[in-house]
Structures are given as structure tokens and as C-alpha cells.
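Chains as they are written, first to last, in my numbering: chain A, 11 to 339; chain B, 2 to 340.
The hints are simulated quantities; they were obtained by calculation from the structure and are not laboratory data.
Note that the structure is predicted; figures quoted are calculated from it, not measured.
Just so it is clear, CB atoms sit at the ideal spot from N, CA and C, and this is done for glycine as well.
Treat the hints with caution; some may be incorrect.
Okay, derived cross-link-like pairs now, DSBU-like style, lysine-lysine, Cα gap no bigger than 35 Å in a straight line [unchecked claim]:
(1) B/K258 - A/K258
(2) B/K203 - B/K258
(3) A/K282 - B/K200
(4) B/K307 - B/K58
(5) A/K53 - A/K158
(6) A/K39 - A/K28
(7) A/K146 - A/K101
(8) B/K200 - B/K307
(9) B/K307 - B/K258
(10) A/K282 - B/K258
(11) B/K200 - A/K258
(12) A/K101 - A/K39
(13) B/K84 - B/K203
(14) A/K50 - A/K146
(15) B/K336 - A/K258
(16) A/K24 - A/K105
(17) B/K65 - B/K203
(18) B/K303 - A/K158
(19) B/K307 - B/K81
(20) A/K105 - A/K50
(21) A/K31 - A/K21
(22) A/K258 - A/K24
(23) B/K10 - B/K81
(24) A/K158 - B/K258
(25) B/K203 - B/K336
(26) A/K31 - A/K315
(27) A/K105 - A/K146
(28) B/K200 - B/K74
(29) B/K203 - A/K282
(30) A/K282 - B/K336
(31) B/K121 - B/K84
(32) B/K258 - A/K53
(33) B/K200 - B/K58
(34) A/K282 - B/K5
(35) B/K205 - A/K282
(36) B/K203 - A/K258
(37) B/K258 - A/K50
Residues of chain A placed beyond 12 Å of chain B at every Cβ, according to the derived structure [stated by the list, open to error]:
(38) G54
(39) T120
(40) R143
Read off the chains here:
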Amino acid sequence: MAEREVLLEVKNLKKYFKVDKGIIRRNIKYVKAVDDISFKIYKGETLGLVGESGCGKSTTGRTIIRLYDVTDGEVIFDGAEIGQMSEHELKPFRKRIQMIFQDPYASLNTRMTVSDIIGEPLDIHGLASGDNRQEKIFELLERVGLSKMHASRYPHEFSGGQRQRIGIARALAVNPDFIICDEPISALDVSIQAQVVNMLEDLQTEFGLTYLFIAHDLSMVKHISDRIGVMYLGKMAEIAGSNELYEKPLHPYTQALLSAIPIPDPEVTRAKQRIILEGDVPSPINPPSGCRFRTRCIYAFDKCKEIEPELKEVSPEHFVACHLMDEKV
Amino acid sequence: MSEKLLDVKDLYTSFYTHLGEVQAIRGVSFHLNRGEALGIVGESGSGKSVTSLSVMKLLQHPGKVKSGQIIFKGEDIVPKSNKEMMAIRGDQIAMIFQDPMTSLNPVYTIGNQIMEAVIKHQGLSKTDARAKAIEMLTLVGIPSPDQRVDNFPHEFSGGMRQRAMIAIALSCQPDLLIADEPTTALDVTIQAQILELLKELKDKVNTAIILITHDLGVVADVCSRIVVMYGGLIMEEGSAEDVFYNPSHPYTMGLIKSIPRLDLNEKHRLIPIPGTPPDLLNPPTGCPFATRCPYAMQVCIKELPKFYTTNEGHRAACWLLDPEAPTVETTGGVKRGGK
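Okay, chain A solo, but in the shape it has when bound (with noise of 0.2 Å):
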């Protein structure tokens, strides 16, 4: 494969948030929610990161976006280091970052009109005005499949998809290079979740633009991606093209979200061999020594308890953290 080049590295990344107790706010503990994690994302492709809730999806997304400051570690952007860049610094990368959130309900301010909306990023970072602008937001609204009489509108005239057109329109607006999508199609309806898809794909071609796409529904992702990382409580713990990962996962823990999934076809699923894990996620305040996932694990042995696996290369762009690997059983 030729040299691909690389658009978004993440190093070593850590954040972790204080949890304060007493009316003195005492610090005492640290949720890790994202501890040591270092991935690459290559220009125009689409890098899925998949995990349950509390894992640190989304707050790799955010830390990556500056939303929050990084606790540790580098997050390289096309060759610069923007972890500790200073807001003043950021901004030009700001342009070039953008975000599609979750809940198409709170990401839109309601007292905007949708051309207020969709204007705001073009007015901070001075890319149109007057008519330009107005034409900029028209040509925007089509792009995502809404019309220029929606632009006098407020967010609560739109429905659930609609809404997400429009937060995507805003990201949009900037001409980004890179999109962060966190669960962009989780809180929409199955027979609209298929229509965002297929436009974030057509706009993906068009701008040539490259995704980090967050999601806990691992059929959707496995559609959108290129490559698929999967987190468990704030660590990495496989990195894999989607259909490697699919065909041949080597994590435990893969195999079981991926095992879990039922299929939307009754004889496929019910013959399918589901490996059904023990109990919940601990919690990332009081983390499991070694191995985090150890605790669920049907193979865990005593290296899991004492040292915590490293994320290593076992094929070509196949990355596993687990000491089975070693042993080659």
C-alpha cells in the first residue's frame, strides 16, 4: 500500500477529570476517562471509534477538538502540535476542525434563526459577508438537502433529522478538512439515520474531507469506516481496517461486542454464538490493575492482573492490546 499521509496523530493522549469531594473541594480522585491512548487518522479516510458508555469516545473526540484542555500527550494535526496551543493560537485550526454533535435538540441555539446559525462560524473567522454570506448559507442549505426558505427559521420548526442537516451545514461553513461526528445518528429515527449517512458519505467524496466517526452502533459504524478502533474504559484496545476487524477480531472484548450485536435477520441471529460477558464496566475512578478488561474476561491469567498490555502491531494495520497475543494460544 502506498504511503498514506497522515492527517490527525494522536500521542500518548490522556484526560482526566478531578472528582472534588467536601466543602473544601478537596481533590482526592482522578476519573481516567481517556489514559494513554495513540492512534493515526490518514487524510480522506473514516476512523471509527466504537466502545460502550464511559469508555471515552466522545471525550477523545473532545479533548481532540480542544473542547477539553489535554491532561497529557500530543494530538499532531497536520504536523502541528495543537494539545497546548493557546486559544489565540488555535483559531486558524478551528477552521479546519469541526464537530457534528449528538443531540441535534441541544446543539442548536434556539434563539437563532438556522441563517444566524449557519452564519457564525462565517462571521468569526471573517469568510464572507453581505450578499457573499447570504448566498454562502443558501448554497450550504441546499448542499445539505434543505431549501432558502428554511433560513429565516428557528431550530423548533425542524424535525429530529432536519436538525442534524443543519448542524452538519454549520460544520460545513468553514470548509473543513477534518469532521469529528460524536453519534451523529444516534438520537434519529432508523429510516433517517440512513439518509444522514449517505449525505455525510456524498460530502466526504465531494470535499474530500476526512471523519473521526464516534458511535456506539457498531453495524453503522462498521458501514461508514474505514478503520475501526475499539475503547474499553479509557484504553485502546484494538485498532483494525473494518472488515479485518470484523472477520478476525483478536481482542476478547472485541469479539464480545461484536458477538452481542443482533443482526436484523431471524435465522443469521438466533444460530449466531453470542459470548455473553459477566457483570458491568468498572468504574474508570478505581480502574482494574493490568488489564482493564480482565475483570470480564473468560481468558484472563495472571499477566493480565499485574501488567497492563501494550497496543501492538500483530499484522499489518492491526493493532491489539492483550497479552494473549504473546502467547500465541
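Go by the hints and put chain B onto chain A.
What follows is chain B alone, placed relative to chain A:
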């Protein structure tokens, strides 16, 4: 032929809001046999949850059953008073909801909440009820149930709360369990645990289940028969095999085509259903799906289609199935044998 446990006949339910009458359900009929698992599939606003609330008689003001019959074990429950319903609810019909945190009472222990049901309906003493509570928690797979019985809901995780809800629901061995999106708020690995539990308990306790969900994968896994709802009406009804492999209604076909399959590898484009669902404040006179249907004809917009039976136990409300309709090449449904 097994005995009918529940027979819903021509049910109309509306909400009388200040904007006008929202016709949430517009003539729904279906039945459920003893020990059977029926899936009701639909999007938000299709009327699937209102159907279940009507059966439970839990509709809140301004909702009202306008007409129709709900025959449970040979008796129509629509005219029953709230007091009469309280003897049935929890005892013979139980329900579990989407969000286990808001449906459990935060100030009572889990044990107390199970005991409440068995003391009321089965007249057990407190000691016996406590033993029953521990037995139920064991049944649904809560670890160390004799200690957990004294925990409060906030001490349980999401999956455990849903297990506790199932324990409460099944404590009186109901004939019917209505599960309204029981796994939507849960993670997939926990969802797999709960679905496995429901399937296991259905056989063990011989409870009939109505599973309401928007997830086609979940119904394919659990249910033997499926009802597809849209715009307050039933679009199609049939065995799981009929509905998935041989759908007769364009809406069902559209739904199946619009979701990606995890187990198939070809990189194909999804085929979305264009448009948005109808507004039930002013429901269309014709088929509610007509405006989004690729095969819509003149008659579809004017008149509501009746049901056409395509084979034993499989029916769909679509004008295309009328003998006078032109034959169109429809594509849809899951190809048997996966790839």
C-alpha cells in the same frame, strides 16, 4: 392452535391536546397467544408505545382510548375501573420500561419493591415475600442476592436495574409481560445479557411477551411474530420469517434496506426512506406511508388500504396487494442464508 391470551380489536387511542386531537392509534387489531413472543416494531410516533399503554390502561391525561376492545383472557378490559385494573396490573399483566432508573422508586430498597407486588397480589407474609424477593433476584442473575435485596436503586448499575425491573415484573408470574424498549438505554454487551434473560425466562415462567422496539435486530432475535406499525396503524403482521424474508409492505422493505448489516461485507450504499413520518394531528386520509412510498398510486393517497392476507398469518395493508393493482417489481427483505 394455541389459546388467545390477548385480542386487541379495532383500537383507537387519541390525545386531546390544546392543538387538537392527536390520533395516536387509528384502528389497530392484533392478538397474542399464550407463551408467545410478539414484537411491535416502529419508529417514534408510530403508536407502538401508546398501544402498550392502552393495554395496560396506563394512558395519562389527555390520552384516551376512543373505541375498540382489548380482550385479555376472555374479558374486555377497556370498561374496567382503575381499581379493577390494579388487581390485574402487576399480577397478570406486567410491564418493563426503557429507563430503569426512572421506573424504580429511589427511596425504597429493591427488595421492598419486589415485596410490594407479591404482598399485594399473592397475600404473602413479609418473611415469605422477602424470601420470594431473594428468589426472584437469583432468577434474574443478580450476584449475592441476599445482600443486594437491601440495596437502593442507585446502588445498582443500569443493567442490574433492568434485571431488578424484570424481577419485579415476573414476581407474580404474569401471563403477559410488556417490554417497552427494554434494552435501548443499555450498552450492547448488557443488552445481550438482558435479551438472553428474557428468552430464558419466557420458557421457564411461560410468560407471553410483547416486545416493543425500533431495533430490527432485537426482534429478529427474540420474537416469533412481528407487527410493524407506522403512523398509528399496523402496516404488516406475520411470523419473523415472513416479515424479514418475504416482506409485503413497502415500509417494511424500506426499513430493512435502510439498515446496515454487520455480517455482510460488501460496501454498498444504504437505501434510505425519503421524507419524514406523517403528523398525526392531521393524519393523511390515505395510507400514511404514501408520501414516502416509491410505489405509491393515486388510490394510496385517497383511501386507506385494507389488509390483504398473503399467506397463513401474514397480512399487510397495502394497495399493491389488491388483485386490481398493477404488478410492480418490489425489492426488499433479507435474502435467506445471509450472503
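Each hint tested on the structure:
With a CA separation close to 26 Å, the supplied pair B/K258 and A/K258 stays within the 35 Å bound. The suggested pairing of B/K203 with B/K258 holds, with an alpha-carbon distance near 30 Å, which does not exceed 35 Å. Taking the CA atoms of A/K282 and B/K200, the gap is about 15 Å. The hint holds against a cut of 35 Å. A C-alpha spacing of about 27 Å is found between B/K307 and B/K58, which places the hinted pair at or below 35 Å, so the restraint holds.
For the suggested pair A/K53 and A/K158, the alpha carbons sit about 32 Å apart, so the restraint of at most 35 Å is met. Taking the CA atoms of A/K39 and A/K28, the gap is about 6 Å. The hint holds against a cut of 35 Å. For the proposed pair A/K146 and A/K101, the alpha carbon gap of about 21 Å is at most 35 Å, so the pair holds. Distance check on the hinted pair: B/K200 and B/K307 sit about 34 Å apart at the alpha-carbon level, within 35 Å; holds.
For the given pair, B/K307 sits about 25 Å from B/K258 by alpha-carbon distance, which is consistent with the 35 Å threshold. Restraint check for A/K282 and B/K258: satisfied, since their Cα atoms lie roughly 21 Å apart, inside the 35 Å limit. For the proposed pair B/K200 and A/K258, the alpha carbon gap of about 29 Å is at most 35 Å, so the pair holds. For the suggested pair A/K101 and A/K39, the alpha carbons sit about 33 Å apart, so the restraint of at most 35 Å is met.
Restraint check for B/K84 and B/K203: the C-alpha separation of about 28 Å stays at or below 35 Å, so the hint holds. Only pairs whose Cα atoms come within 35 Å are accepted, and A/K50 paired with A/K146 is accepted, the gap being roughly 33 Å. With a CA separation close to 24 Å, the supplied pair B/K336 and A/K258 stays within the 35 Å bound. Proximity of A/K24 to A/K105 is assessed by CA-CA distance (about 24 Å); at most 35 Å being required, the pair is judged to hold.
For a cut-off of 35 Å, the pair hint linking B/K65 to B/K203 stands: about 31 Å separates their Cα positions. A C-alpha spacing of about 31 Å is found between B/K303 and A/K158, which places the hinted pair at or below 35 Å, so the restraint holds. Straight-line distance between C-alpha atoms of B/K307 and B/K81 comes to about 30 Å, which keeps the hinted pair within the 35 Å bound. With a CA separation close to 20 Å, the supplied pair A/K105 and A/K50 stays within the 35 Å bound.
The straight-line distance between the Cα atoms of A/K31 and A/K21 is roughly 31 Å, inside the 35 Å bound, and the hint therefore holds. As the CA atoms of A/K258 and A/K24 are separated by approximately 29 Å, the hinted pair is consistent with the 35 Å bound. Proximity of B/K10 to B/K81 is assessed by CA-CA distance (about 16 Å); at most 35 Å being required, the pair is judged to hold. Distance check on the hinted pair: A/K158 and B/K258 sit about 31 Å apart at the alpha-carbon level, within 35 Å; holds.
Between B/K203 and B/K336 the alpha-carbon distance is near 29 Å, which keeps this suggested pair within the 35 Å criterion. Distance check on the hinted pair: A/K31 and A/K315 sit about 29 Å apart at the alpha-carbon level, within 35 Å; holds. Restraint check: the Cα-Cα separation between A/K105 and A/K146 comes to about 16 Å, which is no more than 35 Å; the hinted pair holds. Only pairs whose Cα atoms come within 35 Å are accepted, and B/K200 paired with B/K74 is accepted, the gap being roughly 23 Å.
Note on B/K203 and A/K282: the hinted pairing holds, with a Cα-Cα distance of about 19 Å set against a maximum of 35 Å. A C-alpha spacing of about 17 Å is found between A/K282 and B/K336, which places the hinted pair at or below 35 Å, so the restraint holds. At roughly 13 Å between alpha-carbon atoms, B/K121 and B/K84 fall within 35 Å of each other, so this suggested pair holds. Distance hint between B/K258 and A/K53 is fulfilled; the C-alpha atoms sit about 30 Å from each other, no more than 35 Å.
Distance hint between B/K200 and B/K58 is fulfilled; the C-alpha atoms sit about 26 Å from each other, no more than 35 Å. Distance check on the hinted pair: A/K282 and B/K5 sit about 31 Å apart at the alpha-carbon level, within 35 Å; holds. A C-alpha spacing of about 22 Å is found between B/K205 and A/K282, which places the hinted pair at or below 35 Å, so the restraint holds. For the hint linking B/K203 to A/K258, the alpha-carbon distance of about 34 Å falls within 35 Å, and the restraint holds.
Between B/K258 and A/K50, the direct Cα distance comes to roughly 33 Å. Compliance with the 35 Å bound is thereby established for this hinted pair. For A/G54, the requirement that its beta carbon stay farther than 12 Å from each beta carbon of chain B is met, with the minimum near 15 Å. Every C-beta of chain B lies more than 12 Å from that of A/T120, the closest at about 19 Å, which supports listing it as non-interface. Against chain B, the non-interface label of A/R143 holds: every CB pair exceeds 12 Å, the least being about 29 Å.
In the structure shown, no violation is registered for any of the earlier numbered hints.
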